[in-house]
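Chains as they are written, first to last, in the working numbering: chain A, -5 to 352; chain B, -5 to 352; chain C, -5 to 352; chain D, -5 to 352.
Treat the hints with care, since some could be wrong.
Since the list can't tell identical chains apart, any single copy or any two copies may satisfy a pair.
[As the list claims (entries may be wrong)] Cut-off 27 Å, straight-line C-alpha distance, at most; resulting in silico cross-link-like pairs (DSSO-like, lysine-lysine):
(1) K46 / K242
(2) K152 / K127
(3) K270 / K33
(4) K270 / K40
(5) K100 / K33
(6) K(-3) / K40
(7) K289 / K40
(8) K242 / K(-3)
(9) K289 / K46
(10) K33 / K344
Since the hints were derived computationally from the structure, they do not count as laboratory data.
Protein chains: 4
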Amino acid sequence: MEKTPVAVLGATGTVGQKFIALLQNHPYFYVNELVASPKSAGTRYKEVCNWKQDSFMPAEVADMVVKSSDEDLESLILFSGMDSQAAGPIEETYANRGHLVVSNAKNHRMDPDVPIIIPEVNSDHFDMVLRQKYAGGIITNSNCSTMFLAMVLAPIQKAFGVHTVHVTTMQAISGAGYPGVPSMDILGNVIPFIGGEEEKMETETKKILGTLRGETILDAEMTISAQCNRVPVFDGHTESVSLGLHEKASPEEIMAVLEAFTGPPQELSLPSAPEKPILVFREDNRPQPARDVWKNAGMSACAGRIRPCPVLDIKMVILGHNTVRGAAGAAILNAETFVEMGYLKALREKDSLPVCSG
Amino acid sequence: MEKTPVAVLGATGTVGQKFIALLQNHPYFYVNELVASPKSAGTRYKEVCNWKQDSFMPAEVADMVVKSSDEDLESLILFSGMDSQAAGPIEETYANRGHLVVSNAKNHRMDPDVPIIIPEVNSDHFDMVLRQKYAGGIITNSNCSTMFLAMVLAPIQKAFGVHTVHVTTMQAISGAGYPGVPSMDILGNVIPFIGGEEEKMETETKKILGTLRGETILDAEMTISAQCNRVPVFDGHTESVSLGLHEKASPEEIMAVLEAFTGPPQELSLPSAPEKPILVFREDNRPQPARDVWKNAGMSACAGRIRPCPVLDIKMVILGHNTVRGAAGAAILNAETFVEMGYLKALREKDSLPVCSG
Amino acid sequence: MEKTPVAVLGATGTVGQKFIALLQNHPYFYVNELVASPKSAGTRYKEVCNWKQDSFMPAEVADMVVKSSDEDLESLILFSGMDSQAAGPIEETYANRGHLVVSNAKNHRMDPDVPIIIPEVNSDHFDMVLRQKYAGGIITNSNCSTMFLAMVLAPIQKAFGVHTVHVTTMQAISGAGYPGVPSMDILGNVIPFIGGEEEKMETETKKILGTLRGETILDAEMTISAQCNRVPVFDGHTESVSLGLHEKASPEEIMAVLEAFTGPPQELSLPSAPEKPILVFREDNRPQPARDVWKNAGMSACAGRIRPCPVLDIKMVILGHNTVRGAAGAAILNAETFVEMGYLKALREKDSLPVCSG
Amino acid sequence: MEKTPVAVLGATGTVGQKFIALLQNHPYFYVNELVASPKSAGTRYKEVCNWKQDSFMPAEVADMVVKSSDEDLESLILFSGMDSQAAGPIEETYANRGHLVVSNAKNHRMDPDVPIIIPEVNSDHFDMVLRQKYAGGIITNSNCSTMFLAMVLAPIQKAFGVHTVHVTTMQAISGAGYPGVPSMDILGNVIPFIGGEEEKMETETKKILGTLRGETILDAEMTISAQCNRVPVFDGHTESVSLGLHEKASPEEIMAVLEAFTGPPQELSLPSAPEKPILVFREDNRPQPARDVWKNAGMSACAGRIRPCPVLDIKMVILGHNTVRGAAGAAILNAETFVEMGYLKALREKDSLPVCSG
């Protein structure tokens, strides 16, 4: 199979770097263009990028000259790790020019014609992309905290029905990007507030778990209350969750549906798909971010301590890798699924894509 | 006023050290005896104690020879910072010998004739001490996480009624004593489990907020669900809390009752009493353990982010200093209140105390 | 004694806040004016300051309207916690207008007519202030890492002579101010570089330990090599030091001269003077920043593990509180000493101070 | 090639677990036996091991029944991750029975007939193993801090001669094993002492860099002074180093010899050999443990900030992964080199090995 050329928008940022790291040696895609703000454009990537990944900067991008986000691009698929302050109109412009924008930014998530996709959960929402107003299209993934909650809720919702969710998060510093949280604010500390995060968890989750009816999504009917905290953890968001169910279920029944859960990425054996989307832990003190966040290459949600809740029905601990499955890895899996389910072909046949030859 | 001689049981441990630090220059009490396990007994305190406090070891205890917990003691009041593995029978023995044991250990908290006291909340439960089977008596304070929850619930319960409590804790490492949590388990990590802690929060809270009827306490009628996590914070337990109320109340009304709350320690201007038992924060990112845990010398509960909860009625963040108001400071304030409300006098008149001349 | 009005320059920054916290209830000085950059000026302090101290913001400054650093000031003494990017010309301007600028900024430290003062070590260097070109004057304290090294070297230099110093630092994040070090750079990490820090240690130390000859200082003759690292510690710089001595000395002899060391602040019983400038530890694992940095209210240098060095003569561990004795506390002690040794009176008599009536 | 059966001694400990993780899918060796203290023996590994690695426990060991360290073993090569309190006589016993013990324990390192091997540096010292008094043999690797110092010194020593070494370490908590350092001692702290560590660095380094003359090693002639600190870093020992050289060399010359350095593991393309034993960093703030410790799979020493030293000649920062190249990975590379250089064959031919059929 010939590889598809892709661009990374916001290539110097935390999420952009993670896109580059995860796309190295990818069987479907190769990084063809790096895009950043005009002030970084025209310079070699290695000279403008403060590389923060554990691995070395891939040789094939180090000398690539960074393009500006107001230039025309030639790649078909654009992975966007842009900051939300700039992402909105730029992503829209590129979608209008015929590109498929696979975005991690929050800006278009709640647009009525843009889906928030978790391919194991709601790959049918990809249909919306074919009906968007753009020559190309926009796909988003959820906020990082929402991701793991929605992944775990999905099979429980299907099997037993969920009417109420209470979630308290303990989120990693890498979720705030770089420079992000000053060390004087978080070393040995908890910050009991993350701007906009609680609202995202309370709204995005219902859209992801919602039902596509014609051109719009009917939100899932459930009440969600989120309390978000920042803790001195590098990678990995931990969530203490309680659920109210329509149909009672024992912890063992919950564990069974979580462990049995799979979706199109697993059926299609996609390159970034974890063998199991949800890893269930039976030890009483797991999952833990510093121990478990890299299990299944950071692409699974982890769930443990599944037990009865005196207030609602079931409580548990959820964990996931916020910059992998919670950000760049999610977008890449979205693109893989979009391609392999035939949506990319359908999108290109929708009308002649004006720009992209990749 | 002549000072009352006191002993510290478990004097070499984390809580025992905190008793010693907080009792330095105390206007009512002076440390007269230090008690530890038989293997430390007979040695000078400075030679057996691995002192972990910020302040210097007080000169008056450094050369004191440690007594064994199987010896007779001469002090009237015994502050117990003993480990729960040993505390049960030893505290009982000393109570039988006529001492007033003011304990931070969990062992006797749920005894039907022993109160768990927060003097601003349930000082009337001190009556139980006069009816105990002991020649002396046993008073306990709650578990550290329970303390701050119960302090904040008390005025809300009184004003509006609380039927449901959902709480997720993020607890400091000092709560596990020394050596306690291995650094490899907690550096940059969250441990989503603390043995026995959730059960304590779910039971002790109801006893503290319960009603003394005759000789026993009727538990407060409320449903509590606790999820307890350890985080890499030195001192200070943070709690994300949601409450279901019998009578609806706005965040402003909740803040008003919390700020107006006082009790006997404030009315009696006791030496360890904070000016306000509850400090209300109006900034959206406070309270924080590393910033706020020492406010009011660590003797107040802090509450902030008081706002509506989509699932229950009100949600908020609670914080307190787990080894001060959550442990040694709580016990000392219990003793001060017991003395100044006349209970110590009443207890001594109950019958001739056989041992203690202090 | 009537209190002297003082202003705090850079009042909203980390060092400025520490000045305000330490000057609360000061017996000689009261905070009369708060000065910050023009963009903060004209607003109440509590509205522009992101207060990061453990204690509450003092009520007497909370409502004070912040002045701009280009305004005239009325206070006699100006404590400068300004950022070095702005401090240079502003401090000079105020000195020209007759104020005594007691500065923590690096800008004028190496000026030939400005002393770097540690009052226990080189209070005779205050003489330089009377001969400065300013109507008022400028006094500086050293860089925070230099402070503790120079304090410990001073008595050893005097007793035995020091020809060589090798020092490796492990410095706290609070030394970089706020927002300072991003948490993603330092959580669970060591950064083996602090810009300009090694040079400061290698030059300032020799000036402090130098000899005033006429109008200039002859640097102390010693070779210094510094290696500076940032570590995930909140407050307290730890330094591993090796010394080459002119006259051999045993560890016990070194400890004796360190413990006997005092200076004018101790002789004059100044309010901010620690009882002992140097605290000697004999345990093999002390001093430690999280345990010992607040000993003597953060105003002493701590020294421990004093033992022979196979390469040079003596090695040891040094520790001090970088924002107290290493910054704001140092400047305040400088001002106290300057006043009580009669220098302020002499400076004001030098010629009629044109501006300051305080 | 048929794989050689190996046993892991101390299989439940931190280093033992790392052996198991690193030996998974090893092309030369397979884990045939797990050995632990008698109290763990007779139980399945997954039931006695508190697995702390990031990866899952390999399926092939999970159900293996643990053997006791007083049983006979059948594997030819025994990797010892035993605690030093027990390792001495047990390793000796197995060596007497004909096994090759490849040990990370300190007990036999300084035995006159046992080499401390870094295969890039002193593989000729393997000759000593053939002359040991044992039917089998004992090979050791150095202490973790010594490892990275000796690796970096070796090529500099060869090219320019080193007469003096001054080193200050900042060591990770994983170096102390589990439970190891209590979190209350190290969170936000520096402990300026690690028992025995300074002595090991000062003695082992000279043995590794020494010359084999007949049956004994002549220590390298250099003076070493070490100061060892524990810092709140999970993995990775950082070292600030100054060197005195016999022949002057510029930083560029030093970097050139470090980058050119290779040895038998590279020449033989051994499975655990890093492409380059020493990674040179030219950025001014690298290497850093949290960023660089996994470069080259944790098997290289990292060196950076190579610059002139005012006291000695050259100073630099060294970093390495203490539990990989500093422990289990070192031992495995030692075994690989021993096998591929023909020493294992020679050892077995020395006399008929009585026990081991592997």
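Now for the hints, and whether the structure bears them out:
1. Taking the shortest alpha-carbon separations for K46 and K242, neither the intra-copy value of 46 Å nor the inter-copy value of 35 Å comes in at or below 27 Å.
2. Proximity of K152 to K127 under the C-alpha cut-off of 27 Å is found in neither arrangement, the shortest distances being 31 Å within a copy and 57 Å between copies.
3. Taking identical chains as interchangeable, the C-alpha atoms of K270 and K33 are never at most 27 Å apart, the minima being 42 Å within one chain and 36 Å between chains.
4. For the identical chains of this complex, K270 and K40 are inter-copy neighbours only, at 22 Å across copies versus 36 Å inside a copy, given an alpha-carbon limit of 27 Å.
5. Taking CA atoms no more than 27 Å apart as the test, K100 paired with K33 passes inside one copy only; the shortest distance there is 23 Å, against 32 Å between copies.
6. Within a single copy, K(-3) and K40 get their C-alpha atoms as close as 24 Å, which meets the 27 Å cut-off; across copies the closest is 43 Å, which misses it.
7. Taking the shortest alpha-carbon separations for K289 and K40, only the inter-copy value of 18 Å comes in at or below 27 Å, while the best intra-copy value is 30 Å.
8. In the homo-oligomer, the alpha carbons of K242 and K(-3) never lie at most 27 Å apart, since the shortest distance is 48 Å inside one protomer and 53 Å across protomers.
9. Within a single copy, K289 and K46 get their C-alpha atoms as close as 21 Å, and across copies as close as 13 Å, so both meet the 27 Å cut-off.
10. Taking the shortest alpha-carbon separations for K33 and K344, neither the intra-copy value of 36 Å nor the inter-copy value of 54 Å comes in at or below 27 Å.
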